Amino acid sequence: MMLLTTQNLEVGYDKTLLGPMDLDFEPGHFVLVEGPNGIGKSTLLHTFMGLLEPIRGSYEWSVPQSELRFVPQTRTLDVLLPATVNDVMGTGFQRGSGWQALRSSPNKADIKRALEMVEMDRFRHHLFRELSEGQKQLVLLGRALLGDPSVLILDEPSASMDPEREQLAVEILVRQRNEFGRTIFMIAHGSQPAQAASDCTLRIYRDRTVHLEKCS
Numbered sequence: 054m055m056l057l058t059t060q061n062l063e064v065g066y067d068k069t070l071l072g073p074m075d076l077d078f079e080p081g082h083f084v085l086v087e088g089p090n091g092i093g094k095s096t097l098l099h100t101f102m103g104l105l106e107p108i109r110g111s112y113e114w115s116v117p118q119s120e121l122r123f124v125p126q127t128r129t130l131d132v133l134l135p136a137t138v139n140d141v142m143g144t145g146f147q148r149g150s151g152w153q154a155l156r157s158s159p160n161k162a163d164i165k166r167a168l169e170m171v172e173m174d175r176f177r178h179h180l181f182r183e184l185s186e187g188q189k190q191l192v193l194l195g196r197a198l199l200g201d202p203s204v205l206i207l208d209e210p211s212a213s214m215d216p217e218r219e220q221l222a223v224e225i226l227v228r229q230r231n232e233f234g235r236t237i238f239m240i241a242h243g244s245q246p247a248q249a250a251s252d253c254t255l256r257i258y259r260d261r262t263v264h265l266e267k268c269s
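Residue numbers (my numbering): 54 to 269.
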């Protein structure tokens, strides 16, 4: 069974940016999303997450929406909020609507385990806004690992990371794929660690056509 299928899908805001596209994604792969800046990569993943309605066509997940996790870029967050790392781990973020409590709050042990996984446990009582951009991105990745997700969707996390943290983030994602069979969609621009770790690339060209390579 396919994890995600699109039919004549066109995505954008007021007008079509990408598509139409007919794509089939199998579960358990690390899919790298590449293309020029401003071409519509984030728009496509926001649509897959249900944050944007398609312009035309449709897409269908074979897993519930509750099993999807989105890791936004840190610049989309309201960093002035006086929230600690622990606070952030117990909240959800929806684009355009601010911080919101999760329906089922994770317990302290789960939060600690997730922060340890991304090597950020020692910062759990620090204010989120005082972290570096790369540290913030790791916290958001840790938050996405809570609740046993099937799919992780990441909007160019490496853009705000130094090479060491970028390598760490990719290693964490590879472990999630290998040990738990999770599917990963990650936007990256020239990330060598992500290119080396991915199973295939969803490539968006300058003419706004979309091609999915066969996953290995």
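Since the hints were made in silico from the structure, they are not lab data.
You may find that some hints are simply not true.
Label pairs and their in silico Cβ distance ranges [unchecked claim]: (1) 135 with 54: 42 to 52 Å; (2) 73 with 174: 24 to 34 Å; (3) 256 with 61: 35 to 45 Å; (4) 180 with 54: 37 to 47 Å; (5) 269 with 137: 12 to 22 Å.
Being a predicted model, the structure only gives us computed values, none of them experimental.
The beta-carbon is built from N, C-alpha and C at its ideal position, and this holds for glycine as well.
Going down the list of hints, with the structure as the test:
In this structure the hint that residue 135 and residue 54 lie 42 to 52 Å apart at CB holds, the actual value being about 45 Å. For the pair residue 73 and residue 174, the beta carbons lie near 45 Å from each other, so the given range of 24 to 34 Å is not met. Against the hinted window of 35 to 45 Å, the Cβ-Cβ separation of residue 256 and residue 61 comes to about 19 Å, which falls outside the hint. In this structure, residue 180 and residue 54 meet the distance hint of 37 to 47 Å, their C-beta atoms being roughly 44 Å apart.
For residue 269 and residue 137, the Cβ-Cβ distance of about 41 Å falls outside the hinted range of 12 to 22 Å, so the restraint is violated.
Checked against the numbered hints listed earlier, the structure breaks hints 2, 3, 5; every other hint is satisfied.
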